[in-house]
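Residues 1 to 128 in UniProt numbering are what the sequence shown lists, from first letter to last.
A couple of the hints might just be wrong.
What the hints assert, rightly or not - Once the Cα atoms are required to be at most 27 Å apart in a straight line, the calculated DSS-like pairs of lysine-lysine come out as:
(1) Lys47 <-> Lys121
(2) Lys47 <-> Lys96
(3) Lys96 <-> Lys121
Said to hold, decoys possible - FRET-style restraints, in silico, Cβ to Cβ:
(4) Glu125 <-> Asp3: 34 to 40 Å
(5) Glu50 <-> Leu108: 21 to 27 Å
(6) Ile84 <-> Lys47: 16 to 22 Å
In case anyone wonders, no lab produced these hints; they're calculated from the structure.
All figures in this text were calculated on a predicted structure; none of them were measured in a lab.
Quick reminder that beta carbons are idealized off the backbone N, C-alpha and C, glycines included.
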Amino acid sequence: MTDTDLTDTYLGYIACLNNQDWRHLHRFVHDEVHYNGDRIGLAGYRKVLERDFSEIPDLYFDIQLLISDTPFIASRLQFNCTPIGTFLGLPINGRKVSFSENVFYEFLDGRIRHVWSVIDKAAIEAQL
């Protein structure tokens, strides 16, 4: 897989998330995916994403920066959204917030095997 192929796969993954196309998530995410060091598997990963969209109905993944160095992707995602309740332990309760996520992915066999994510919680706190 080339860096261009990896980038195209990642863009397809983000489109899959934004369209909530869960039946095709397996095309992008490995069965044995790990998130921040914990093995949660594809079913667990899907459950987390479904919960996120349930708690944040206007959730949209907006790529601000994307770097590909096979087998890794580094991305800065921007969010402008309205969580309906508590988010990251913060009482958002329907207020619009903006924040970024710096996330790194490692791919295996063309699918995401490891995800390391850091969300800018301080940016959210500053808006409350």
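| message | Tell me the numbers of any earlier hints that the structure contravenes, in ascending order. | response | Checked against the structure, no hint fails, so every one of them is satisfied.
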